[in-house]
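K.L.:
So the chains spell out like this:
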Amino acid sequence: MELFANQVLAGIATGAIYACMALAVVMIYQAIDHLNFAQGEMAMFSTFVSWQLMQWGVPYWGAFVLTVAFSFAAGIIIERLLFKPLAKAPILTNVAGFIALYAIINSVAGLIWDFTIKQYPTPFGSSPFLGSQLISTHQAGMIGITLLMLLLLFFFFRFTRVGLAMRAAASLPESARLVGINTSWMIALGWGMASAIGSIAGMMIAPVVFLEPNMMLGVLIYGFAAAVLGGLTSPFGAVMGGFLVGIFENLVGTYIPGVGNELKLPIALALIIVVLVVKPAGLFGRAIVKRV
Amino acid sequence: MTAMLNVKDLRAYYGQVQALHGLSFSLNEGSLTTLLGANGAGKTTTLRAICNMVRSTGAIEFEGKPIGTRSTENVVRLGIAHVPQGRGTFTNMTVEENLQLGAISRSDKNAIGSDIERMYEHFPVLKQRYTQQAGTLSGGEQQMLAVARALMLRPRLMLLDEPSFGLAPLIVRDLFRILGKINREEKVTILVVEQNAQLALELADQAYVIETGRIVMSGNAKDIANNEDVRKSYLGY
Amino acid sequence: MSAAEEIVTEAAAVEAVPKRAMTLGYGTSLVVLAALILIPLFVKNFIIFQMTMLLIYALAVMALNILTGGSGQFSLGQSAFYAVGAYTSAILMEHAGMNYALTLPIAGIVCFGFGFLFGQPALRLSGVYLALATFALATAMPQLLKLGYFEHWTGGVQGLVVTKPDAPFGLPMSQDMWLYYFTLAVSIGIYIASVNLLRSRSGRAFMAIRDNEIAASAMGVDVALYKTLAFGVSAGITGVAGGLGAIAVQFVAPDGYTIQLAISLFLGMVVGGVGWLPGSIVGSAFIIFVPNIAEGISKGLSGAVFGVLLFLVIFLVPHGARQVAIVAQQLAAKLKKN
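Protein chains in written order, with the numbering used here: chain A, 1 to 292; chain B, 1 to 237; chain C, 1 to 338.
One or more of the hints may lead you astray.
What the hints assert, rightly or not - The following residues of chain B were derived to be distant from chain A, with all beta-carbon distances above 12 Å:
| # | residue |
| --- | --- |
| 1 | E73 |
| 2 | N74 |
| 3 | E97 |
| 4 | E141 |
| 5 | A146 |
| 6 | R149 |
| 7 | L167 |
| 8 | Q195 |
| 9 | E202 |
| 10 | D223 |
| 11 | S233 |
As the list claims (entries may be wrong) - Below, a list of computed lysine-lysine pairs in the BS3-like style, where the Cα atoms sit at most 27 Å apart:
| # | chain 1 | residue 1 | chain 2 | residue 2 |
| --- | --- | --- | --- | --- |
| 12 | C | K44 | C | K299 |
| 13 | B | K65 | B | K127 |
| 14 | A | K279 | A | K264 |
| 15 | A | K118 | C | K299 |
| 16 | C | K44 | C | K164 |
| 17 | A | K264 | C | K146 |
Stated by the list, open to error - Computed far set for chain C versus chain A, every beta-carbon distance over 10 Å:
| # | residue |
| --- | --- |
| 18 | Y26 |
| 19 | F46 |
| 20 | M53 |
| 21 | A101 |
| 22 | Y129 |
| 23 | E151 |
| 24 | T163 |
| 25 | P168 |
| 26 | W178 |
| 27 | I190 |
| 28 | G220 |
| 29 | F266 |
| 30 | L267 |
Just so you know, the hints here were simulated from the structure itself, not pulled from any lab data. Where is the CB? At the ideal position from N, CA and C, for every residue including glycine.
Chain A extracted, bound-state conformation (with noise of 0.2 Å):
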């Protein structure tokens, strides 16, 4: 019982990472209705461009947020300059556009910063936290941020006018039109909002991961499946997702004989795939009726 009650509590810990990152898929899906495989790349990119300015002097806060401030203005700039345009576009063809940005960012990251991977600093620091070896301060600092941010999401999405009109415009944008929402420019906002998530994910993530290159491939992967377990509809949902596939691949990890570290990411899917056949817009998403 105690092994059964330490796994799971490994598992928020690593889930945590999920979740951080499923929170920026959702946003972005909300704004846009696709998926963005560009995501863990530009997060990516983000955490470089903080680790940079802590090279250069600045303090880790100062680099926190003056990062937050660029990832939301690169976020916006991408969607004006790269996917304005493919608007109306079939849907196809702009998920080609994710990965060639995909492309694109990790290959321009991988020369300016090399691929060696780098140390990243937390401020939280990394001793066990109260007493557990299992989670340590930084994890349950991840987790705190990650929270922080879903109610700050939740008040922004509930109470805000801008909230409001963004909402309008991913759920109906003719109608939202005819209220007088300028809905291209509320899906500008959506990237911006997404991509400083999206940061703050990365520098999150990198304490545990370390920082090089290709350090989101994987994040993303489970981001994904976090976000689309707990519903994409749904930021509370993406993030209680986050957290139980983290759970889950731990107690699959101890549990199940023969699997190794190689037959986890399988399992994880397979039970997502097993958990969308049965309920396909995820454990806390809202079904969507189509009226024929």
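Since the structure of chain A is provided, determine the placement of chains B and C on it from the hints.
P.N.:
Only chains B and C this time, still in chain A's reference frame:
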């Protein structure tokens, strides 16, 4: 008196297909005008062209300003509210959020709360349901909500696309009564597109009849209602 | 309280392509065919090998095109079917000593079954969910191939070496050239079969599902059957391509069939034009040659150059090679008139 909305030689296209063939009409300030016509005559397209939701050529002037090249949201921001066919309700949001969205482009935030209260006076049924998801409302209630949402803009001009569509006759009567009241009391100019010609002509003071993308008749609503051809084709007696 | 969202007119995920627009005219087909037959006679073996790979990837891209362009379903998991086909051929040749040509239909059938079975749960998924499920399949495949249980057959991480066949009947041709013509014959056969499939009753059912699933089911199309069938056919063709690929590169190993391959095939379809079968070869050329070109322009930035080239293609011709073909056709028609 100058016209509030002036439309000249409006032609609209869906891809290669031309839906409007040089439509011209004008609305007087404070008037309640109806646009009548059969299915496919181009009524909806006319309204959509005013809000630039369909590719069109021709001159559209609102209070003296040309608006033909403005984007939909910028046309709306001038004070032209459009209640689309199918109502365009934000079904996954609450009734109150729908009303707030109607006022989203306004800058006088303080007055929005009192405007919502005013809407609840016009449409008491909405007050009972204000925390409910709009998608759970009945068709008639959703139409009331759509009109209320449009009014939240404090529009100078309101365009309504077949508000009676799919509603029970009693509810239609109620809705039209309220529209008349809004036109008189709030001085909102109204252009309503209708297939229910009889009701529309009772309500309106001006009327245009449109056939295959052209205006074929215009004038005082009473005169149109008494016209032999209109009676035969649209009123059925 | 149910929170239902009404989607009155939902845009189809894939643009409708009329079925006649899915193929090439007779004249153009013959010109392309003549080029494919004649070019290898004048070039070096390495180029012949690359042309063989071009045909093989074109087959795999076309298989995806039948699934996506034909029935409107996404897949980011084609590399998994390709891997299964490759391993089936390799294992049959090396462990059972079977003739290479005979292993291909078996690879096709095995993959058809695999795809058909995978299509069952996939039925309940659409859009991003299906993309994610297939993506999961592609990610999991290399790991499954490495599993200790199958190591005796698959060779584990090391993979299997496959012997390249000689030209039969003592034909005076190099192994590469023979394999090229063999691949060409198989490809043409499958291409013609695919065109006929899409023109048949089943093809019409696929397209009806693609354009409007609800309407299709209302017309009596067995949506579940045809959706899984489309998965099966697509997987089967991909499997044959995989088998050919194994013979051509003389080697199978788990890391040859990662998600990158699936993404490449997907890009090939987009560049070639979704729903336009002849575009598959253009898309295949893009995924084989453009990374090389990118590498040639800048070694350190090859990923970035590739991305920029891809963006150029989708900005200039968002509908891929099909768009180029249509424009060319219109130009030709204009010239004729003058």
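K.L.:
Name the hints, by number, that the structure is in violation of.
P.N.:
When the structure is compared with the hints, numbers 1, 2, 3, 5, 6, 13, 22, 29 and 30 turn out to be violated.
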